[in-house]
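**Q** So the sequence lines, in the order shown, correspond to chains A and B.
Each residue of the first sequence is one higher than the one before, starting from 1 at the first, in this note's numbering.
Each residue of the second sequence is one higher than the one before, starting from 1 at the first, in this note's numbering.
If you're looking for bench data, these hints aren't it; they were derived computationally from the structure.
Treat the numbers as computed from the prediction; the structure is a model and nothing was measured.
Heads up, a few of these hints could be off.
Between beta-carbon pairs, the in silico distance windows are [what the hints assert, rightly or not]: (1) B:Trp-19 / A:Gly-164: 31 to 37 angstroms; (2) A:Ile-162 / B:Trp-19: 17 to 23 angstroms; (3) B:Ala-50 / A:Lys-84: 50 to 56 angstroms.
Straight line, CA to CA, 30 angstroms or less: simulated DSSO-like cross-link-like pairs of lysine-lysine [stated by the list, open to error]: (4) B:Lys-39 / A:Lys-161; (5) A:Lys-84 / B:Lys-39; (6) A:Lys-163 / A:Lys-84.
Positions of the beta carbon are idealized from the N, C-alpha and C atoms, including for glycine.
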Amino acid sequence: MATEHAPNASEYIVHHLTFLTNHKQVGLVDWSVLHLDTLFFSIGLGLLTVFIMARLAARATSGVPGRFQAAVEIIVEMVSDQAKSIVHSPESRQFVAPLALTVFVWIFLMNAMDLLPVDLLPLIGNAIGVHYLRVVPTADINATLGMSLGVLLLCLYYSVKIKGLGHWIHELFTAPFGAHPLLWPINFAMQMIEFVAKTVSHGMRLFGNMYAGELIFMLIALMGAAWAGTFGSGLLWVGGVIAGTLWAIFHILIITLQAFIFMMLTLVYVGQAHESH
Amino acid sequence: MNLNATLFAQLVVFFILAWFTMKFVWPPIMKALDERAKKIADGLSAADKAKSELALTEKKVVDELKKARESATELRAGAEKQGAQLIEEARQEAARIVTQARQAAEAEAGVAAQRAKEALREQVAVLAVAGAERILRKEINAQVHADLLANLKQELK
């Protein structure tokens, strides 16, 4: 903790919600700022994801698989089946299916950072001189919007690649309402709204879930920290243990579900980019 | 809710990781999965083939057994028939030998009886002469009586 005295509840929460940055952010949007903690954990977990899977892939046997290989195969087959049913171009699938796999495993791991005790890594960080640390990269809107923006770029790329630039632009102005010139601006506006809504909701959904989950873990941690030797505070402490257990168990579902939803929406959006109106 | 350059960093990392997965993770795992699927399919068809082969072989074995049993029965029947024939032949041979022996014995007995009759006949003649000599106590013309006795001898035959 940066402060000398024990922090009060509001200070505790604010401290836990402060990113480790290269310099202080001014205003809502500041392109010179980097969240070092988000980048550290997201890149670290991303590398962990791909290297563990690559190591396994290199040793993958077509004979009897080990347990770990079987577990990875289950995920790979799940992703592969979903990709096959949603994206109908085998050529696009060569990139999109591995991308969906990466997204699923990576986001799952990033979400799973939420299950670590909320003060554990910040305490360790504090001990080695890192005074602000947020350990859940997906609770940072920059990370989730970054990924959903990536999906948007992918959609644009495949739209142009599959339909051709001319056809795609034609579609921007003629779908969904029709080819009448008076409808062009309306069509275009609808298309733009669709793209923005897709991308923002895609990123915000994951961010919102993880941010809320993290906040509740902090509140539960505050209940536990209320211990002061009195009966009332003792009850709060017991409540903190029970609530923390329940919320963590429930959160196992949430982190998996959110990772799955993000992956599925990625596939759906890319699949939509393949379809002509 | 601060937007900053982290967003673009994350965007780049996103594509790099996806590219890496596409290059080094996805293909080997998919290859292993496909190969295993093929192995299982091959194994299943091999099992089917083996099963039908087994059925065929079993049928063949049953046929062979049946054939063997039939030929054994045939052999036994033949042997029994031959045995019966041998016994029959032996019996006939024995009967023939016995008959022959009996005939021979009968013939021999006939000859012996004849001889005995001859000898007896000789002696009867001598006895009769002697008896007559004793009875008559007188000279008898041997010549005349010899014819008489010869006639008697002839009658005794």
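**Q** Each hint should be assessed against the structure and marked as holding or not.
**A** The hints, checked one at a time:
Checking the proposed 31 to 37 angstroms range against Trp-19 (chain B) and Gly-164 (chain A) shows it is violated: the Cβ atoms sit about 25 angstroms from each other. Evaluation of the 17 to 23 angstroms hint for Ile-162 (chain A) and Trp-19 (chain B) yields a pass: the beta carbon distance comes to about 20 angstroms. Checking the proposed 50 to 56 angstroms range against Ala-50 (chain B) and Lys-84 (chain A) shows it is violated: the Cβ atoms sit about 34 angstroms from each other. Straight-line distance between C-alpha atoms of Lys-39 (chain B) and Lys-161 (chain A) comes to about 37 angstroms, which puts the hinted pair past the 30 angstroms bound.
A hinted pair counts as satisfied when its Cα atoms are at most 30 angstroms apart, and Lys-84 (chain A) with Lys-39 (chain B) qualifies at roughly 23 angstroms. Among the hinted pairs, Lys-163 (chain A) with Lys-84 (chain A) is consistent with the structure: their alpha-carbon atoms are about 20 angstroms apart, no more than 30 angstroms.
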